[in-house]
Amino acid sequence: MARTLFEKVWDTHVITSLAAGVDLLHIDRNMLHDLGGGESLSQLARDGRSVRNPELTLATPDHIVETRQGRTGGIAPWADEVIDKLCVLAKENSIPLYNVGELEHGIVHVMAPELGFVLPGTTIVCGDSHTCTLGAFGAVAFGIGSSEVVHVLATQTLPQRRPKTMRVRFNGTLPHGIGAKDMSLALIRAIGTAGATGYAIEYVGEAVRGLDMEGRMTLCNLSIESGAKVGMIAPDETTFRWLEGRPQAPTGRAWEQAVSAWRELATDEHAKFDKDIVIDCSTLAPYITWGTSPEQVIAVDQPIPQLDEAPTSVHRTEWGNALEYMGLKGGESLIGIRVDRVFIGSCSNSRLPDLRRAAQIVAGKQVAAHVEAWVVPGSERVKRAAEAEGLDTVFKKAGLQWREPGCSLCVGANGEVVAPGQRCVSTSNRNFTGRQGPGARTHLASPEMAAAAAITGAITDVRTLK
Amino acid sequence: MKKFEVLESTAAPFPHANVDTDRIIRIERCARVAREDLGNWVFETERLNPDGSPNEAFVLHRPPFRDAQILVAEDNFGCGSSREMAVWALTGIGIRCVIAPSFGEIFFNNCFQNGVLPIRLPADTVAELLQRLSEQEAASNEPAPWRVDLRTCRISTPWHPAIRFDIEPLRREALLEGLDSIGMTLKHAEAIDAYQAQQRQIMPWVWRQETSTSR
Chain C
0 MARTLFEKVW DTHVITSLAA GVDLLHIDRN MLHDLGGGES LSQLARDGRS
50 VRNPELTLAT PDHIVETRQG RTGGIAPWAD EVIDKLCVLA KENSIPLYNV
100 GELEHGIVHV MAPELGFVLP GTTIVCGDSH TCTLGAFGAV AFGIGSSEVV
150 HVLATQTLPQ RRPKTMRVRF NGTLPHGIGA KDMSLALIRA IGTAGATGYA
200 IEYVGEAVRG LDMEGRMTLC NLSIESGAKV GMIAPDETTF RWLEGRPQAP
250 TGRAWEQAVS AWRELATDEH AKFDKDIVID CSTLAPYITW GTSPEQVIAV
300 DQPIPQLDEA PTSVHRTEWG NALEYMGLKG GESLIGIRVD RVFIGSCSNS
350 RLPDLRRAAQ IVAGKQVAAH VEAWVVPGSE RVKRAAEAEG LDTVFKKAGL
400 QWREPGCSLC VGANGEVVAP GQRCVSTSNR NFTGRQGPGA RTHLASPEMA
450 AAAAITGAIT DVRTLK
Chain B
0 MKKFEVLEST AAPFPHANVD TDRIIRIERC ARVAREDLGN WVFETERLNP
50 DGSPNEAFVL HRPPFRDAQI LVAEDNFGCG SSREMAVWAL TGIGIRCVIA
100 PSFGEIFFNN CFQNGVLPIR LPADTVAELL QRLSEQEAAS NEPAPWRVDL
150 RTCRISTPWH PAIRFDIEPL RREALLEGLD SIGMTLKHAE AIDAYQAQQR
200 QIMPWVWRQE TSTSR
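Residue numbers (numbering that gives the first Met the number 0), protein chains in the order written: chain C, 0 to 465; chain B, 0 to 214.
No false leads were mixed into what you were given.
Taking lysine to any residue pairs in the SDA-like style, the calculated list, with each CA pair at most 20 angstroms apart, reads:
#1 C:Lys84 / B:Val32
#2 B:Lys1 / C:Ser146
#3 C:Lys465 / C:Ala284
#4 B:Lys186 / C:Gly47
#5 C:Lys7 / B:Arg199
#6 C:Lys7 / B:Val205
#7 C:Lys163 / B:Glu167
#8 B:Lys186 / C:Asp46
#9 B:Lys186 / C:Ser146
#10 B:Lys1 / C:Arg45
#11 C:Lys163 / B:Ile166
#12 C:Lys395 / C:Gly456
#13 B:Lys186 / C:Asn52
#14 B:Lys1 / C:Gly47
#15 C:Lys163 / B:Leu169
#16 B:Lys1 / B:Glu172
#17 C:Lys84 / B:Arg31
#18 C:Lys163 / B:Arg119
#19 B:Lys186 / C:Ala18
#20 B:Lys2 / C:Ser146
#21 C:Lys7 / B:Ile201
#22 C:Lys7 / B:Gln197
#23 B:Lys2 / B:Ile92
#24 C:Lys7 / B:Pro203
#25 C:Lys7 / B:Gln195
#26 C:Lys84 / B:Glu27
#27 C:Lys84 / B:Arg34
#28 B:Lys186 / C:Leu17
#29 C:Lys7 / B:Met202
#30 C:Lys90 / C:Pro53
#31 C:Lys7 / B:Gln198
#32 B:Lys2 / B:Leu178
#33 C:Lys163 / B:Pro100
#34 B:Lys186 / C:Arg51
#35 C:Lys163 / B:Pro168
#36 C:Lys84 / B:Ala30
#37 C:Lys7 / B:Tyr194
#38 B:Lys186 / C:Ser16
Hints listed in this document are in silico derivations from the structure and should not be mistaken for laboratory results.
With the sequences and hints as input, model every part of the structure.
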């Protein structure tokens, strides 16, 4: 029977069926980070259990690490304690650990693929909802809670409900300057933040094929923002070229064997999806959020919707609250709204091509005097590669801060926050109330849009930047 | 895990959609507050005043809802971050049951790991319940407790003798019995061993080579 990419990967990992629609899945990859990783290992020990397969596990501190140049760990003693706990317990349990300052260190969803730890056709979990990023490689990758992390540590399995399947097709070619971030925001705009709840998404179409691996990771990263735990792209030559030679990717005969198996993963021609969504790429524009949910998003040259355009009374209330929090009015344009902060980073947009695109925008220009703009590379490898081609110099000359890798301002867990009332254009993935700090006003957008806002000091249509 | 059989409690209306887990518990609390103290920080931005005192206008501080163990909310409750601390923060103030038309999927899973029952009801039923709770408060009527019975999968409220709800049988059983999920899985230890032995043969690349894991 014809099967989808998702079904092939899922079926291969079923150890046993537990009930109708519920399988015990083998988990090939488990990733621990500082926000809960250490605590999960403690819990496991308290339960009198041990790590079943440390060789299928890795650990890296990312959420709580400081990103100031010259940092050694956290921003304060409490943060160092949390980071140290992860490091000590990872070592005690023989889990490979990639610590601050090491070549392999970074945001888990950036460093794990670079390491070759993330492979097509595998199942991957992490106590972080943006694990869906790694579906870009054709893996079934999803975020889980702390209890489930302990479950995987103990058993290398998880009981899971098989989701329905959704195919999101991006038809046609992207207009110049429009990228993966705009594609994902366009999807969330179309289906809402619960539009894909209960589904595993597969992204298809010419524009998806045309993305580099970093772009594919951006697209898959925002799957959870439309409700989907899983977002995938079938592996192809782009995937294999990117992976070959990575430190932990298979080599020699094992590589050949793997690639030939991975070529079979693509969705069969007549496979059925439970739901189909089609997005016409020719209509895409640079998108930017105006509210406190990723679905509150518009093309930058469109007005913010009026409250009476809200589809339901619940939406109307939410929109009203969002506008009040953001200090904005329905019907007004975002273009020209003054910004205080710019954040280029996060597991959405902190990889080398993201930084290159932002650097192109700011090269030879100056950040507006009232704006504090940060560039936080996603990993040590990204940082070093960017420095090798001089991107750090471009950013610093333009007046942006060039920082050390970590999650940083995406979530503010490390103490780095946007001040109350400040407005920030951010390349991250969540604009929730207080996400970047209590009272912080977040506008999600692409690296190009964030860079343009840094230069002009206001929200800007990057297409019109001279 | 804590069992869930029958819950008798008042219910509190939380008529908001897309309540994300950042809103339920802020990230800095996740990093710094012990699990058993997270209840002190649940919904802190709206539940507490800037000086840390309780905001008396917040629903769970208003007289009819102070002891509520049931929360009724709009669509997509618990969306966003996977932080299980959101569930721990809710249980920390006594919430054992959340009723909404839909939930963020990871939050929904996390509830079952902690003896919390998330119930999906049709949007119009939820809208009616929210309306009734609001009218009851406006009329200053003493709130009558609801009864959530997982054995019969029925909710009775002052206005409905029995609202039926659906729950997956496996999850229902685990909550009723207070089963340990890891213990249940370990009953399949032989099947896990067999799977891994086979995977090493068929998909050897999944297993990291010793040279690359030794550091």
